Amino acid sequence: MNLHQLKVFYYVAQCLSFSKASEELHISQPAVSVQVRKLEEETGVELIEQIGKKLYLTEPGAQLKGYAEEIFAAERQAENMLADYRGLNTGELIIGTSSTLGTYYVPQLLTEFRRHFPKLEVSFKMGNTEWAEEQILKNQVDMALVERDLAHASDFSMMPFLNDHLVVIAAPDHPFVGQEITASQLATQPFILREPGSNSRKVFRTLMSQRGLPIQILMELESPEAIKRLVSSGLGLGIASALTLEWEVACGRLKVLQVADFVMERQFAVVWHKDKKPNRASLAFTDFVCCYTSAHQDLLADCECARSPGAPNIRKIVQV
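The numbering of the sequence shown is our numbering, which starts it at 826 and goes up by one.
A few of these clues could be false.
What the hints assert, rightly or not - Straight-line distance between alpha carbons at most 25 Å, and here's what the computed SDA-like set of lysine to any residue pairs gives:
hint, residue 1, residue 2
1, Lys944, Tyr892
2, Lys1102, Phe942
3, Lys832, Glu900
4, Lys845, Glu894
5, Lys1101, Ala978
6, Lys950, Ala887
7, Lys1099, Ala976
8, Lys1102, Ala978
9, Lys863, Gln830
In case anyone wonders, no lab produced these hints; they're calculated from the structure.
A quick note: this is a predicted structure, and the numbers were derived from the prediction, not measured.
Take the sequences, apply the hints, and build the full model.
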(Lines of atoms letter the chains of each structure in order from A and count residues from 1; the text may use other names and numbers.)
(Lines give C-alpha, C1' and ligand atoms only; values in the text may rest on other atoms or scores of the structure.)
Protein backbone atom coordinates (compact mmCIF):
# COMPACT_ATOMS: atom_id res chain seq x y z
CA MET A 1 0.00 0.00 0.00
CA ASN A 2 1.30 3.44 -0.96
CA LEU A 3 1.66 5.44 2.27
CA HIS A 4 1.36 8.78 0.47
CA GLN A 5 -1.99 7.73 -0.98
CA LEU A 6 -3.03 6.47 2.46
CA LYS A 7 -2.14 9.82 4.02
CA VAL A 8 -4.19 11.72 1.44
CA PHE A 9 -7.13 9.37 2.02
CA TYR A 10 -6.76 9.85 5.79
CA TYR A 11 -7.06 13.63 5.50
CA VAL A 12 -10.10 13.32 3.24
CA ALA A 13 -11.64 10.83 5.67
CA GLN A 14 -11.11 13.24 8.56
CA CYS A 15 -12.51 16.29 6.74
CA LEU A 16 -15.01 14.48 4.49
CA SER A 17 -14.06 17.15 1.98
CA PHE A 18 -11.59 17.09 -0.92
CA SER A 19 -11.14 20.86 -0.77
CA LYS A 20 -10.41 20.96 2.98
CA ALA A 21 -8.00 18.04 2.64
CA SER A 22 -6.17 19.85 -0.15
CA GLU A 23 -5.78 22.90 2.08
CA GLU A 24 -4.39 20.79 4.92
CA LEU A 25 -1.98 18.94 2.64
CA HIS A 26 -1.05 22.00 0.54
CA ILE A 27 -1.74 20.23 -2.72
CA SER A 28 -4.39 20.83 -5.36
CA GLN A 29 -7.89 19.43 -5.03
CA PRO A 30 -7.61 17.42 -8.28
CA ALA A 31 -4.39 15.86 -6.94
CA VAL A 32 -6.24 14.80 -3.79
CA SER A 33 -9.00 13.17 -5.84
CA VAL A 34 -6.46 11.36 -8.02
CA GLN A 35 -4.58 9.91 -5.03
CA VAL A 36 -7.77 8.63 -3.41
CA ARG A 37 -8.91 7.09 -6.69
CA LYS A 38 -5.52 5.39 -7.15
CA LEU A 39 -5.73 3.95 -3.64
CA GLU A 40 -9.19 2.57 -4.38
CA GLU A 41 -7.92 1.08 -7.64
CA GLU A 42 -4.92 -0.47 -5.89
CA THR A 43 -7.00 -2.00 -3.11
CA GLY A 44 -9.93 -2.89 -5.32
CA VAL A 45 -12.32 -1.46 -2.71
CA GLU A 46 -14.51 1.65 -2.73
CA LEU A 47 -13.47 3.74 0.28
CA ILE A 48 -15.39 6.97 -0.20
CA GLU A 49 -18.76 7.55 -1.81
CA GLN A 50 -20.33 10.83 -2.82
CA ILE A 51 -24.07 11.42 -2.46
CA GLY A 52 -25.07 14.79 -3.79
CA LYS A 53 -22.41 17.20 -2.60
CA LYS A 54 -21.49 15.24 0.54
CA LEU A 55 -18.81 12.62 1.02
CA TYR A 56 -19.34 9.51 3.13
CA LEU A 57 -16.98 6.73 4.20
CA THR A 58 -17.92 3.23 3.18
CA GLU A 59 -17.61 0.49 5.79
CA PRO A 60 -14.10 -0.54 4.61
CA GLY A 61 -13.22 3.15 4.32
CA ALA A 62 -14.14 3.75 7.96
CA GLN A 63 -12.08 0.74 9.06
CA LEU A 64 -9.10 1.85 6.96
CA LYS A 65 -9.29 5.29 8.55
CA GLY A 66 -8.84 3.64 11.96
CA TYR A 67 -5.74 1.77 10.79
CA ALA A 68 -4.38 4.96 9.22
CA GLU A 69 -4.77 6.78 12.56
CA GLU A 70 -2.63 4.13 14.24
CA ILE A 71 -0.02 4.15 11.47
CA PHE A 72 0.49 7.91 11.46
CA ALA A 73 0.40 8.12 15.25
CA ALA A 74 3.18 5.50 15.33
CA GLU A 75 5.08 7.49 12.71
CA ARG A 76 4.86 10.62 14.86
CA GLN A 77 6.02 8.71 17.94
CA ALA A 78 9.00 7.36 16.01
CA GLU A 79 9.93 10.86 14.86
CA ASN A 80 9.65 12.18 18.41
CA MET A 81 11.78 9.31 19.72
CA LEU A 82 14.54 10.18 17.27
CA ALA A 83 14.16 13.84 18.17
CA ASP A 84 14.81 12.87 21.79
CA TYR A 85 18.23 11.60 20.80
CA ARG A 86 18.95 14.80 18.89
CA GLY A 87 17.83 17.00 21.78
CA LEU A 88 15.02 19.54 21.68
CA ASN A 89 16.16 21.25 18.49
CA THR A 90 13.65 19.35 16.39
CA GLY A 91 10.44 17.42 16.91
CA GLU A 92 6.68 17.79 16.83
CA LEU A 93 4.29 18.42 19.69
CA ILE A 94 0.51 18.45 19.21
CA ILE A 95 -1.45 19.95 22.09
CA GLY A 96 -5.20 19.70 22.58
CA THR A 97 -7.05 22.27 24.64
CA SER A 98 -10.52 23.11 25.85
CA SER A 99 -12.21 26.21 24.39
CA THR A 100 -11.68 28.43 27.42
CA LEU A 101 -7.96 27.78 27.72
CA GLY A 102 -7.51 27.65 23.95
CA THR A 103 -9.03 31.09 23.50
CA TYR A 104 -7.80 32.99 26.54
CA TYR A 105 -4.71 31.28 27.92
CA VAL A 106 -2.89 28.93 25.56
CA PRO A 107 -2.04 31.37 22.70
CA GLN A 108 0.24 33.52 24.85
CA LEU A 109 1.60 30.44 26.64
CA LEU A 110 2.56 28.84 23.31
CA THR A 111 4.11 32.10 22.12
CA GLU A 112 6.38 32.11 25.16
CA PHE A 113 7.13 28.39 24.78
CA ARG A 114 8.20 28.88 21.17
CA ARG A 115 10.59 31.60 22.23
CA HIS A 116 12.35 29.10 24.47
CA PHE A 117 12.19 26.22 21.95
CA PRO A 118 12.07 27.90 18.52
CA LYS A 119 12.92 24.78 16.52
CA LEU A 120 10.17 22.62 17.98
CA GLU A 121 7.11 22.30 15.76
CA VAL A 122 4.19 22.98 18.08
CA SER A 123 0.52 23.10 17.14
CA PHE A 124 -2.71 22.95 19.08
CA LYS A 125 -6.27 21.85 18.45
CA MET A 126 -9.28 23.19 20.29
CA GLY A 127 -12.68 21.79 21.27
CA ASN A 128 -14.69 21.09 24.39
CA THR A 129 -13.50 18.86 27.23
CA GLU A 130 -15.24 15.74 25.91
CA TRP A 131 -13.63 16.27 22.51
CA ALA A 132 -10.16 16.75 24.04
CA GLU A 133 -10.54 13.53 26.04
CA GLU A 134 -11.41 11.63 22.88
CA GLN A 135 -8.41 13.13 21.06
CA ILE A 136 -6.05 11.82 23.73
CA LEU A 137 -7.64 8.36 23.70
CA LYS A 138 -7.30 8.23 19.90
CA ASN A 139 -3.68 9.44 20.12
CA GLN A 140 -4.51 12.43 17.93
CA VAL A 141 -2.74 14.77 20.36
CA ASP A 142 0.28 14.20 22.57
CA MET A 143 -1.35 15.84 25.57
CA ALA A 144 -4.09 18.31 26.39
CA LEU A 145 -4.77 21.26 28.67
CA VAL A 146 -8.29 20.62 29.94
CA GLU A 147 -10.48 20.51 33.01
CA ARG A 148 -9.37 17.80 35.41
CA ASP A 149 -12.84 16.25 35.77
CA LEU A 150 -12.79 13.72 32.93
CA ALA A 151 -15.24 10.94 32.14
CA HIS A 152 -12.45 8.34 31.79
CA ALA A 153 -10.05 9.74 34.38
CA SER A 154 -8.51 6.32 35.07
CA ASP A 155 -7.12 6.25 31.52
CA PHE A 156 -5.04 9.39 32.03
CA SER A 157 -2.07 10.78 33.86
CA MET A 158 -2.48 14.43 34.78
CA MET A 159 -0.76 17.35 36.42
CA PRO A 160 -2.99 20.15 37.77
CA PHE A 161 -1.69 23.66 37.17
CA LEU A 162 -4.50 26.21 37.57
CA ASN A 163 -7.71 26.62 39.58
CA ASP A 164 -10.59 28.33 37.81
CA HIS A 165 -13.77 29.94 39.11
CA LEU A 166 -17.00 29.83 37.09
CA VAL A 167 -19.48 32.65 37.62
CA VAL A 168 -23.02 33.55 36.58
CA ILE A 169 -23.03 36.51 34.21
CA ALA A 170 -25.82 38.92 33.28
CA ALA A 171 -26.47 42.11 31.33
CA PRO A 172 -25.74 45.30 33.33
CA ASP A 173 -29.45 46.16 33.59
CA HIS A 174 -30.61 42.71 34.75
CA PRO A 175 -32.78 42.98 37.89
CA PHE A 176 -30.52 40.52 39.78
CA VAL A 177 -27.47 42.79 39.47
CA GLY A 178 -26.34 44.33 42.75
CA GLN A 179 -28.16 41.91 45.04
CA GLU A 180 -27.34 38.53 46.53
CA ILE A 181 -29.61 35.91 45.03
CA THR A 182 -30.23 32.20 45.54
CA ALA A 183 -29.89 29.18 43.28
CA SER A 184 -33.70 28.92 43.31
CA GLN A 185 -33.88 32.31 41.64
CA LEU A 186 -31.51 31.12 38.92
CA ALA A 187 -34.00 28.36 38.11
CA THR A 188 -36.53 31.04 37.06
CA GLN A 189 -34.22 32.53 34.41
CA PRO A 190 -33.40 31.47 30.85
CA PHE A 191 -29.76 30.47 30.29
CA ILE A 192 -27.47 30.52 27.27
CA LEU A 193 -25.07 27.62 27.83
CA ARG A 194 -22.23 25.80 26.15
CA GLU A 195 -22.99 22.63 24.21
CA PRO A 196 -23.24 19.15 25.83
CA GLY A 197 -19.73 17.90 26.51
CA SER A 198 -18.61 21.25 27.90
CA ASN A 199 -17.19 21.12 31.42
CA SER A 200 -18.62 24.50 32.46
CA ARG A 201 -22.09 23.27 31.58
CA LYS A 202 -21.47 20.03 33.50
CA VAL A 203 -20.34 21.90 36.65
CA PHE A 204 -23.39 24.18 36.58
CA ARG A 205 -25.82 21.34 35.91
CA THR A 206 -24.36 19.26 38.75
CA LEU A 207 -24.80 22.06 41.30
CA MET A 208 -28.37 22.73 40.20
CA SER A 209 -29.23 19.01 40.22
CA GLN A 210 -27.88 18.64 43.75
CA ARG A 211 -30.43 21.24 44.80
CA GLY A 212 -33.23 19.61 42.81
CA LEU A 213 -33.51 22.67 40.58
CA PRO A 214 -34.21 22.73 36.82
CA ILE A 215 -32.30 24.77 34.24
CA GLN A 216 -34.15 26.71 31.58
CA ILE A 217 -31.89 26.38 28.53
CA LEU A 218 -32.78 29.02 25.96
CA MET A 219 -29.86 28.36 23.64
CA GLU A 220 -26.73 26.19 23.30
CA LEU A 221 -23.58 27.58 21.66
CA GLU A 222 -20.03 26.33 21.21
CA SER A 223 -18.47 29.79 21.37
CA PRO A 224 -17.83 31.45 24.77
CA GLU A 225 -17.59 34.79 22.97
CA ALA A 226 -21.00 34.37 21.36
CA ILE A 227 -22.51 33.50 24.74
CA LYS A 228 -21.06 36.63 26.34
CA ARG A 229 -22.42 38.82 23.53
CA LEU A 230 -25.93 37.39 23.80
CA VAL A 231 -25.91 37.67 27.59
CA SER A 232 -24.77 41.31 27.38
CA SER A 233 -27.71 42.02 25.08
CA GLY A 234 -30.12 40.86 27.80
CA LEU A 235 -31.26 37.65 26.15
CA GLY A 236 -30.55 35.51 29.23
CA LEU A 237 -28.00 34.55 31.87
CA GLY A 238 -24.80 32.62 31.21
CA ILE A 239 -21.97 30.72 32.87
CA ALA A 240 -18.42 31.86 32.19
CA SER A 241 -14.89 31.39 33.48
CA ALA A 242 -13.42 34.32 35.35
CA LEU A 243 -10.44 33.92 32.99
CA THR A 244 -12.58 35.21 30.13
CA LEU A 245 -14.25 38.25 31.67
CA GLU A 246 -11.62 40.86 32.41
CA TRP A 247 -12.44 43.15 29.47
CA GLU A 248 -16.24 42.85 29.61
CA VAL A 249 -16.41 43.47 33.35
CA ALA A 250 -13.98 46.41 33.16
CA CYS A 251 -16.04 47.99 30.35
CA GLY A 252 -19.32 47.40 32.12
CA ARG A 253 -20.74 45.17 29.37
CA LEU A 254 -21.31 42.27 31.76
CA LYS A 255 -21.98 41.89 35.47
CA VAL A 256 -21.16 38.95 37.72
CA LEU A 257 -24.09 37.89 39.89
CA GLN A 258 -23.59 37.11 43.56
CA VAL A 259 -25.25 33.75 44.27
CA ALA A 260 -25.36 32.66 47.91
CA ASP A 261 -23.70 29.29 48.66
CA PHE A 262 -23.12 28.59 45.00
CA VAL A 263 -19.39 28.17 44.34
CA MET A 264 -18.45 26.73 40.95
CA GLU A 265 -14.82 25.68 40.88
CA ARG A 266 -12.82 23.53 38.53
CA GLN A 267 -9.18 22.70 38.05
CA PHE A 268 -7.22 22.75 34.82
CA ALA A 269 -4.55 20.10 34.24
CA VAL A 270 -2.05 18.91 31.68
CA VAL A 271 -3.38 15.48 30.69
CA TRP A 272 -1.90 12.61 28.69
CA HIS A 273 -2.66 8.92 28.18
CA LYS A 274 -1.37 6.86 31.08
CA ASP A 275 0.15 4.28 28.70
CA LYS A 276 1.99 6.87 26.63
CA LYS A 277 5.53 7.63 27.72
CA PRO A 278 6.13 11.40 27.46
CA ASN A 279 9.10 12.33 25.30
CA ARG A 280 11.53 15.13 26.09
CA ALA A 281 9.42 17.70 24.22
CA SER A 282 6.31 16.73 26.19
CA LEU A 283 8.18 16.89 29.48
CA ALA A 284 9.62 20.27 28.59
CA PHE A 285 6.16 21.58 27.74
CA THR A 286 4.64 20.24 30.98
CA ASP A 287 7.36 21.88 33.05
CA PHE A 288 6.94 25.11 31.11
CA VAL A 289 3.18 25.24 31.75
CA CYS A 290 3.78 25.16 35.50
CA CYS A 291 6.54 27.77 35.34
CA TYR A 292 4.48 30.03 33.08
CA THR A 293 1.39 29.78 35.29
CA SER A 294 3.38 30.52 38.42
CA ALA A 295 4.86 33.59 36.75
CA HIS A 296 1.39 34.87 35.74
CA GLN A 297 -0.52 34.49 38.99
CA ASP A 298 -1.69 38.09 38.63
CA LEU A 299 -3.57 37.22 35.43
CA LEU A 300 -6.95 38.15 36.95
CA ALA A 301 -5.78 40.68 39.53
CA ASP A 302 -7.69 43.49 37.85
CA CYS A 303 -10.84 41.50 37.11
CA GLU A 304 -13.85 42.50 39.20
CA CYS A 305 -15.16 38.92 39.37
CA ALA A 306 -11.87 37.78 40.93
CA ARG A 307 -12.31 40.31 43.73
CA SER A 308 -15.99 39.65 44.39
CA PRO A 309 -16.92 38.81 48.01
CA GLY A 310 -16.75 35.11 48.75
CA ALA A 311 -14.98 34.23 45.52
CA PRO A 312 -12.26 31.59 45.93
CA ASN A 313 -8.67 32.17 44.96
CA ILE A 314 -8.86 31.39 41.26
CA ARG A 315 -5.15 32.07 40.82
CA LYS A 316 -3.99 29.31 43.15
CA ILE A 317 -1.41 27.16 41.41
CA VAL A 318 -1.18 23.45 42.16
CA GLN A 319 1.96 21.56 41.14
CA VAL A 320 2.45 17.83 41.72
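Here is what the structure says about each hint:
no.	hint	result
1	Lys944 to Tyr892	30 Å, violated
2	Lys1102 to Phe942	21 Å, holds
3	Lys832 to Glu900	12 Å, holds
4	Lys845 to Glu894	18 Å, holds
5	Lys1101 to Ala978	15 Å, holds
6	Lys950 to Ala887	22 Å, holds
7	Lys1099 to Ala976	14 Å, holds
8	Lys1102 to Ala978	17 Å, holds
9	Lys863 to Gln830	7 Å, holds
Checked against the numbered hints above, the structure breaks only hint 1 and satisfies the rest.
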